[in-house]
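Spelled out, the chains give:
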Amino acid sequence: MNTEKPKIMKVFDELLENPQNRLVEQAAQSGRIPIGYSCSFVPEPLLMTDRLFPVRLHAMGVTGTELADNYLSSLLCSYTRSILEFAMDDRYDLIRGWVFVPSCAHMQRLTDNLDYLKKPSFIHVIDVPRKVNSATVAWQTEELRMLADRLSEHFNVDTSDHALMKAIDEWNHFCSVVSKIGELRKRPNPPITGTEFHSAVMASLASPKDLILPYLETLHDEIKNQDTKGKYRARLMVAGGHLHDPEFIRVIESQGGLVVADRFCTGSIPGLNPVKVNGDPFRALAEQSFEKALCPRMMEDFERRLKLIMDTVKEYKVDGVVLEVIKFCDLWGVDAMPLVSALRNEGIPVLKLEREYRLGGEGQLRTRVQAFIESMGR
Amino acid sequence: MIAAGCDVGSLTTKAVILNNTRLLGHAIARSSINPEKSAAEVIEKALKAARLTFDDIGFCVGTGYGRERIEFVKKTVSEISCHAKGAHFLQPSVRTIIDIGGQDCKAIRLDAKGEIVKFITNDKCASGTGRFLEVMAKLLGLKLEELGSISSQATRPINLASTCTVWAQAEVIMHLNEDMSRADLAAGINEAMAARVAILARSVGIEKDVCMSGGVAKNTGVLEAMEKQLGVPMRRLRVDPQMMGALGAAVFAREKMGGK
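Which chain is which? The protein sequence lines are A and B, in order. Using the working numbering, count along the first sequence one by one with no gaps and you end on 379. Using the working numbering, count along the second sequence one by one with no gaps and you end on 267.
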């Protein structure tokens with residue numbers, strides 16, 4: 002396994018130590034407006050118009066959810082409870098607006114409680130339909146226009162078509178740089194580990210894109226001519242819902258499985274595909290949000306979710322898939338059952354792991370991953 | 008060709024010394040807070056039983072939760088693979104293994120070659136583990152090993168409403184206060200344990216032959232309750248089931264040295 006980290010990685014690691022990192026502080030101090038969001042159905046380019054910038058909410062380093070547990074049942078997923086915990090602990094005090102999606106009942110409870118307890122001056126819920134067809138794309142386009150109008154009115158920012166087109170260009174450039182790094186993982190000896198890649202992506206999603214881009218370019222330049230420096234026993238793909246902490250991937254990789262591809266809410270596949278504009282930019286964003294999220298809340302999309310994993314397995318020459326599901330996640334909990342069977346039927350080894358938002362039970366995790374790699378004859 | 012396996016588990020540490028296919032010695036001791044020390048002590052005991060010294064060992068494999076802390080092993084293998092290897096070594100017809108350890112339980116399904124086809128582990132709750140039985144035995148004022156034998160005297164086993172270790176304790180205390188016999192309580196506890204683990208075992212798909220490994224497999228009450236739950240006989244293996252992980256590790260070590 003690659004033991005020598007690219008030098009630039011220390012920047013990404015440091016940026017992940019705080020949900021409002023120094024780049025967020027820097028942008029906020031210069032008069033820009035950070036907008037927090039928690040779901041992949043929220044189209045980042047819309048939150049990049051004019052002085053706005055999106056900050057993907059994370060609660061890495063959370064040690065408990067004592068405050069949040071007063072309001073959210075312990076049967077709600079630990080991701081939503083962790084976000085509320087940080088919000089109540091004023092860890093997102095720079096965030097000037099919140100955009101949520103009722104993608105599941107847990108997220109809805111988070112939104113309701115955050116609204117009730119913190120009374121933010123700007124909070125908006127995008128009502129994303131659960132089916133994809135021409136009528137729902139039109140609905141979603143209208144939803145995004147409503148959000149744009151509210152942002153414009155509340156923050157006095159330009160969210161016109163022209164401003165959005167500019168933001169989409171910036172977003173697409175950001176995606177192309179991350180994808181360029183991601184492409185290197187297809188190599189027989191990838192120059193970047195899954196832990197490092199995830200750290201860079203997570204830090205980027207939680208930072209203003211223009212300020213993080215130079216670091217991403219440096220990372221690409223630093224590694225593009227390198228190879229994996231150590232040995233690994235298997236190439237793995239991680240799939241599932243919200244996964245923020247790169248430590249989870251580090252534990253997997255500590256057992257000799259190099260994570261070469263990811264398919265989770267905060268990963269790069271297919272989340273960072275560019276937005277294709279052909280006419281109305283709001284409609285393009287609406288189409289893109291349906292295309293990139295691949296969330297199990299879209300029950301009719303199961304075949305597409307399965308196909309994406311199978312295509313990625315082939316493209317990245319993956320030996321086995323680790324399917325991670327946060328405990329009590331209704332959506333992934335239900336989807337995982339047929340997904341595991343379907344992948345196994347295709348001859349793809351699968352390890353399903355139930356986990357909490359923060360890394361725990363490292364010993365058990367190591368044992369399962371080691372046994373999984375051994376069971377693949379590696 | 009002396010091969011050794013050392014299994015540092017959460018509650019006990021085990022070691023096995025193997026000469027080709029012959030078991031020369033084995034040992035078991037309670038795990039201390041220092042896995043290195045536990046492993047060193049237990050391998051020494053096993054070597055003594057085999058009348059060998061440490062220098063005689065050609066290859067040693069470590070397993071168990073403390074595997075990465077064992078200083079003298081040349082390779083580590085997960086306990087899931089080791090239990091599978093040990094069971095296949097003893098009885099090649101085994102296809103399903105139910106391993107109940109001190110703080111977790113696993114169900115493993117094998118193919119005819121002894122390769123793992125599927126496995127599942129329970130680790131977030133003590134109710135399907137040896138720890139559950141330990142707590143219950145203490146509550147009944149019994150030694151852990153008595154929990155199995157006494158349950159054979161039961162006439163009306165209790166039906167535990169909860170398999171949660173904490174709630175089940177409250178329930179058992181209530182029954183004790185009602186002067187219920189310890190045999191009926193022990194039988195109910197074993198059945199609750201088996202019912203819980205059977206759910207896990209069914210999820211890998213039960214295929215005969217089925218065997219149990221881990222310390223709890225020595226409890227005849229659980230073994231019989233498991234047979235009833237799953238509707239299949241449990242293959243009794245010729246080695247202490249608690250040694251299965253260490254035995255599997257020793258078999259892996261033997262293979263590393265070129266043995267088949």
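Check before you lean on any hint, since a few could be wrong.
[Said to hold, decoys possible] Below, computed lysine-lysine pairings styled on DSS-like, alpha-carbon distance capped at 30 Å: (1) A:Lys318 with B:Lys120; (2) B:Lys263 with A:Lys232; (3) B:Lys235 with A:Lys353; (4) B:Lys120 with B:Lys81.
These are calculated hints, taken from the structure and not from any lab test.
Here is what the structure says about each hint:
1. Distance hint between A:Lys318 and B:Lys120 is fulfilled; the C-alpha atoms sit about 26 Å from each other, no more than 30 Å.
2. For the suggested pair B:Lys263 and A:Lys232, the alpha carbons sit about 19 Å apart, so the restraint of at most 30 Å is met.
3. Taking the CA atoms of B:Lys235 and A:Lys353, the gap is near 29 Å; set against the 30 Å cutoff, the hint holds.
4. For the hint linking B:Lys120 to B:Lys81, the alpha-carbon distance of about 25 Å falls within 30 Å, and the restraint holds.
When the structure is compared with the earlier hints, no violation turns up for any of them.
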